[in-house]
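Heads up: the sequence lines are chains B and F, in that order.
Under our numbering, the first residue of the first sequence is numbered 1, with each subsequent residue one higher.
Under our numbering, the first residue of the second sequence is numbered 1, with each subsequent residue one higher.
Hints were generated in silico from the structure; no laboratory data involved.
None of these values were measured; they are calculated from a predicted model.
Note that beta-carbon positions come from the ideal geometry of N, C-alpha and C, so glycine has one too.
Treat the hints with care, since some could be wrong.
Here chain F is said to cover these stretches of chain B; the calculated rule only asks that three of the stretch's residues, wherever they fall, bring their Cβ under 8 Å from a Cβ of chain F [as the list claims (entries may be wrong)]:
{"#": "1", "region": "93-102"}
{"#": "2", "region": "116-122"}
Restraint ranges, calculated between C-beta atoms of paired labels, are given here [as the list claims (entries may be wrong)]:
{"#": "3", "chain 1": "F", "residue 1": "Pro81", "chain 2": "B", "residue 2": "Gly231", "range": "18 to 24 Å"}
{"#": "4", "chain 1": "B", "residue 1": "Phe181", "chain 2": "F", "residue 2": "His509", "range": "38 to 44 Å"}
{"#": "5", "chain 1": "F", "residue 1": "Glu485", "chain 2": "B", "residue 2": "Pro108", "range": "38 to 44 Å"}
{"#": "6", "chain 1": "B", "residue 1": "Phe181", "chain 2": "F", "residue 2": "Asn337", "range": "52 to 58 Å"}
{"#": "7", "chain 1": "F", "residue 1": "Leu389", "chain 2": "B", "residue 2": "Ala164", "range": "54 to 60 Å"}
{"#": "8", "chain 1": "F", "residue 1": "Glu485", "chain 2": "B", "residue 2": "Pro229", "range": "20 to 26 Å"}
{"#": "9", "chain 1": "B", "residue 1": "Leu230", "chain 2": "F", "residue 2": "Glu176", "range": "35 to 41 Å"}
{"#": "10", "chain 1": "B", "residue 1": "Asp110", "chain 2": "F", "residue 2": "His581", "range": "36 to 42 Å"}
{"#": "11", "chain 1": "B", "residue 1": "Gln184", "chain 2": "F", "residue 2": "Ala335", "range": "56 to 62 Å"}
{"#": "12", "chain 1": "F", "residue 1": "Arg579", "chain 2": "B", "residue 2": "Gly107", "range": "31 to 37 Å"}
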Amino acid sequence: MPERSEPARRAFLKRTVALVPAGALATAGVPAAGRGAETGAPATPAPAPYQPRFFTAPEWAFINAACDRLVPDDDNGPGAVALQVPAFIDRQMDDAFGHAARWYMQGPFDENAAPEMGYQSRQTPRELYRRGIAAADAECRKRHGQPFAQLQPDRQDALLADMAQSQAGRPEDRLDRFFAFLWQNVKEGYLADPIHGGNHNMGSWQMLGFPGARASYTEWATRHDEAYPLGPVGVSGQRS
Amino acid sequence: MAARRLKPVDAVLVGFGWTGAIMAMELTEAGLDVLALERGEPRNTNPDFSYPRVADELTYAVRHQLFQDLSRETLTIRHRPGQRALPYRQLGSFLPGDGVGGAGVHWNGVHWRAYPAELQLRSHITERYGAGFIPEDMTIQDWGVTYDELEPYYDYFERVCGTSGQAGNVQGRIIEGGNPFEAPRRGEYPLPALPALYDSELYAKAAAELGYHPFPRPASNASRPYTNPYGVQLAQCSFCGYCERFGCYNYSKASPQTTIHPALMQRDNFRLQTQCHVTRVNLSRDRRHATGVTYVDPTGNEVEQPARLVILCAYQFHNVRLLLLSGIGQPYDPATNTGVVGKNYSYQILGHVDLFYGRDTIFNPFIGAGAAGHVIDDFNADNFDHGPLGFIGGAYIGPGRTGGRPIQQLTLPAGSPPWGAGWKQAIKDHYLHTMSIGTHGSVMSYRDCYLDLDPTYRDALGQPLLRMTFDWKDNDLRMTQYVTERAVEIARHMKPDSMHAVHHKAGSHYDTRPYQTTHNVGGAIMGSDPRTSVLNKYLQSWDVPNVFVMGAGAFPQNLGYNPTGTVGALAYWSARAIRDHYLPAPGPLVRT
Numbered sequence: 001m002p003e004r005s006e007p008a009r010r011a012f013l014k015r016t017v018a019l020v021p022a023g024a025l026a027t028a029g030v031p032a033a034g035r036g037a038e039t040g041a042p043a044t045p046a047p048a049p050y051q052p053r054f055f056t057a058p059e060w061a062f063i064n065a066a067c068d069r070l071v072p073d074d075d076n077g078p079g080a081v082a083l084q085v086p087a088f089i090d091r092q093m094d095d096a097f098g099h100a101a102r103w104y105m106q107g108p109f110d111e112n113a114a115p116e117m118g119y120q121s122r123q124t125p126r127e128l129y130r131r132g133i134a135a136a137d138a139e140c141r142k143r144h145g146q147p148f149a150q151l152q153p154d155r156q157d158a159l160l161a162d163m164a165q166s167q168a169g170r171p172e173d174r175l176d177r178f179f180a181f182l183w184q185n186v187k188e189g190y191l192a193d194p195i196h197g198g199n200h201n202m203g204s205w206q207m208l209g210f211p212g213a214r215a216s217y218t219e220w221a222t223r224h225d226e227a228y229p230l231g232p233v234g235v236s237g238q239r240s
Numbered sequence: 001m002a003a004r005r006l007k008p009v010d011a012v013l014v015g016f017g018w019t020g021a022i023m024a025m026e027l028t029e030a031g032l033d034v035l036a037l038e039r040g041e042p043r044n045t046n047p048d049f050s051y052p053r054v055a056d057e058l059t060y061a062v063r064h065q066l067f068q069d070l071s072r073e074t075l076t077i078r079h080r081p082g083q084r085a086l087p088y089r090q091l092g093s094f095l096p097g098d099g100v101g102g103a104g105v106h107w108n109g110v111h112w113r114a115y116p117a118e119l120q121l122r123s124h125i126t127e128r129y130g131a132g133f134i135p136e137d138m139t140i141q142d143w144g145v146t147y148d149e150l151e152p153y154y155d156y157f158e159r160v161c162g163t164s165g166q167a168g169n170v171q172g173r174i175i176e177g178g179n180p181f182e183a184p185r186r187g188e189y190p191l192p193a194l195p196a197l198y199d200s201e202l203y204a205k206a207a208a209e210l211g212y213h214p215f216p217r218p219a220s221n222a223s224r225p226y227t228n229p230y231g232v233q234l235a236q237c238s239f240c241g242y243c244e245r246f247g248c249y250n251y252s253k254a255s256p257q258t259t260i261h262p263a264l265m266q267r268d269n270f271r272l273q274t275q276c277h278v279t280r281v282n283l284s285r286d287r288r289h290a291t292g293v294t295y296v297d298p299t300g301n302e303v304e305q306p307a308r309l310v311i312l313c314a315y316q317f318h319n320v321r322l323l324l325l326s327g328i329g330q331p332y333d334p335a336t337n338t339g340v341v342g343k344n345y346s347y348q349i350l351g352h353v354d355l356f357y358g359r360d361t362i363f364n365p366f367i368g369a370g371a372a373g374h375v376i377d378d379f380n381a382d383n384f385d386h387g388p389l390g391f392i393g394g395a396y397i398g399p400g401r402t403g404g405r406p407i408q409q410l411t412l413p414a415g416s417p418p419w420g421a422g423w424k425q426a427i428k429d430h431y432l433h434t435m436s437i438g439t440h441g442s443v444m445s446y447r448d449c450y451l452d453l454d455p456t457y458r459d460a461l462g463q464p465l466l467r468m469t470f471d472w473k474d475n476d477l478r479m480t481q482y483v484t485e486r487a488v489e490i491a492r493h494m495k496p497d498s499m500h501a502v503h504h505k506a507g508s509h510y511d512t513r514p515y516q517t518t519h520n521v522g523g524a525i526m527g528s529d530p531r532t533s534v535l536n537k538y539l540q541s542w543d544v545p546n547v548f549v550m551g552a553g554a555f556p557q558n559l560g561y562n563p564t565g566t567v568g569a570l571a572y573w574s575a576r577a578i579r580d581h582y583l584p585a586p587g588p589l590v591r592t
C-alpha cells in the first residue's frame, strides 16, 4: 500500500466535500489556488477551469478522484490533479489514441488470448474508459453504497489496489485492464510535455530534475557526478 | 479496373530507407534511371524533426509518430506451428519504420561490423566444437559472404555515416582501448569515439578491473563536425537525449536524410514518389523474370510500373511478404523442411541489470546519445569458449543512455510502490541516481521459427498479413542467463546501494508487449545453395535474377550486434556486384 502524507489527505478530504453535489462536478476536481500553502509545497497558480469534452460528470468525478490517489499532492510536489492530468486524459480521449486510430482493429478478436500476445480487445480506449469507470463505480456501490469519488481515501486506495489485480468478469469488463490504461495515461499526463495539457508548469519535471526540451548538453557530457543547474523548459518555450 | 501502365524505368526501388538511398546513389552513379517508391510520407530534418517540436516524448516515443501505422498493415504472431496467430495490434516488441528514411530516421546509431566467424557460423561452430554441438532443430547457416569480402563496404558505410569509435585492430595491429576481438579494419573510424558519460566511466573501470576489455560502442552520432564522401556535412552531437524513436534535429545522427539525400536529390536520373504502396512484383509468364511492380498510388488507383531491375529495399517483414505475395521463390514449409521464403526468422534476446545509487551519485540520465556508452565483447559471438557452456551465441554488455525519458525510462528498485505517494517518492529518489547495464544478445535460427502469409487477417488493401511463428529456445535462454550473470558480477563490483537483474527465464515465451529490439532478421536469407537460401551472396534472387532483396531479411540467423552496419555494408556490396557484373551481362551472378 502506498504511503500517504497527512497534509495531502486533509487537502483531499476538503475537496471531496466539494465533489458531492453533482452540479459542481465539472470544475470541482480542479484544486483551489493557495492549496500549496497548506501542504508546504510551492503554490501553483490556479488554472482556468477545464470543461471535459469526453467524460460525463460522474466519469469526470471518478477520473479526478483516481488521479488524486494515484499521484497525490504532497511535500515532494504537486500531484496529478494539480498538474491537470484529468484534462490531459480527457483530451487524449478525443485524440488518435482515444479512437485507437493507429492500432490494427480488424477482427476476429480473441479477448481470451494469452497476455503475451498483446492487446486483443475490440475496445478503443474511449470505450474502455466508459465501461471501466462504470464497472469501478458499480464495484464501489456494491461494497460501500457510494461511487468511487465519494469514498474515503483509504477505501479508494484499496479499490485501486484491487482493480490492479482483478481478473474477474468477462475479458472486456476486467478491471485490471482498465486500471493498466488508467495508470499508464496518468503517468503520461503527469510526465509529458505541457503542450499535451498535463504536467502543468512542468511540475513533475521540477521534482525529478528533468530539463525537458533543453536538449543540448555538449559540455555536460564530460561533467560527471555534478548536479545540472538549469530548470526545465517545454516545447512551447515555457520556462518554470 | 486495369492498372495504368507507366513508361519503363531502368530500376525501381521498393522502399526508401537506408538501403533504398544507398542503391539509388549507386545505380544513378552507374547512369541508370532510378525510381524509388515509398509507401509512407516524405520526411526531412526540417520541418519533420526540427527543434523544439521533436523533443516530445509523448508524441514520438509513446504514441509512435514516426513508426508504421498498424491500422493499415501489421503482422500476426504465434509461438508455434498449429496455433492460431493473432495480430500485433499495438506497437510493442519492435517498431518498424515508415516513410522516407525508414527506421534509419529513428535508430540509435549503433554501428557494428559482424565477426568473421559469425558470417560462417555453421562451418565455424562445426570446426571448433564439432557438428554434434549444433542442436538438431537449429538451422543456422553460413552467409555465403565473408568478412574479407565485406570489409571495404563496412569501411565505406562507416565513412558515409561519420561513425565515431575507437579502432581495436587496424590491419592486424591491436590498439589499446579498442575492441581486441575486432577483425582487422583497413583504417581508424572516421571520427574519434564519443566521450564516456558517467555511467560508462564507472562501468569501464569496473570491467577493466575484472580483466575484461571495455571499449566505446561504435556510434553513428558524430563526435565532431564531419563531411562524408558525398560532401554532406554532419554536426557535432549535442547529447540531447532525443535519438532513439526520434529524428535528429541537430544533423548529428547518421540517417539517409543527413548523409545521402542532399547529394542524391540533385541527380536528374533519380525520382522519388511517396505514398505509393507496392503490392506485388510482376513476373513474366515463366516466372523467371520480373517485369516491374504494381503499386497503389496516393489516390487509391493501381499503377503498373515496368522496370528492368526490381530492388526490394523495404523493412525485413515487407520484403519477405512481397516475395510471398508475388510468388518469387518457394515458400518455406517447416513440416517438410523444404522451400526457402520465410525460413529462419530470428530475433534478439536482451537482459539488464539496474544499479541504484544514493543521492551523492548523480548520473543526469537526460544527457545521452543513442549509441554512446562503453561495452565489453568478451562474451559476444565466439569470443569465449562455448565448449563447457553448451550453447551457441553471445551478447555485448554495457550501459546505454538514450535520454532518461520520464514516461518510459523511470527505473525503480524491485518492491517500490507501484503508484501513489510512495511511487512519487521513489521516482524522485532514484531518477538522477540510477544507471543500467544491458546485455544485447543473439538468437539462432530454428526449423519452426519462420514467416508465411496469414490465412485470416488482411491489410487495408485486402492482402494477407505476414504471419510470424517464433518463440524463445533453450539455447538462447541459457545464453542470456549466462551473459546477464556476467553483467551482474560487473555491476556488483561497481558497488551500488542496490541492484536488480532481469533476464528471460527457462521456459518463458516470447512476449510481444514490451519493447525489445527492432532487429528482426531472416526470411529472405542469403547463402550459397538455392535449396537452402532465397538469395545468393550478392542478395540476388536465385529464382528471378533481376530481383535483388536488401536488408536484414538476408541474415540467416541473428548477431548479438545491432544490424544496421551490416545492412549498409551488404547494400554497397550488392550494388557493386550489380554495377560491375550484372549490368554488363544481366543474369544470375552465381551459377548453380
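Here is what the structure says about each hint:
1. 93-102: holds (count 5)
2. 116-122: holds (count 5)
3. F:Pro81 - B:Gly231: 18 to 24 Å: 56 Å, violated
4. B:Phe181 - F:His509: 38 to 44 Å: 23 Å, violated
5. F:Glu485 - B:Pro108: 38 to 44 Å: This hint holds: roughly 43 Å between Cβ atoms.
6. B:Phe181 - F:Asn337: 52 to 58 Å: 44 Å, violated
7. F:Leu389 - B:Ala164: 54 to 60 Å: 40 Å, violated
8. F:Glu485 - B:Pro229: 20 to 26 Å: Taking Cβ atoms as reference, Glu485 (chain F) and Pro229 (chain B) lie about 40 Å apart, which means the hint is violated.
9. B:Leu230 - F:Glu176: 35 to 41 Å: 37 Å Cβ-Cβ, so the 35 to 41 Å window holds.
10. B:Asp110 - F:His581: 36 to 42 Å: At 50 Å between Cβs, range violated.
11. B:Gln184 - F:Ala335: 56 to 62 Å: This hint is violated: roughly 41 Å between Cβ atoms.
12. F:Arg579 - B:Gly107: 31 to 37 Å: 48 Å, violated
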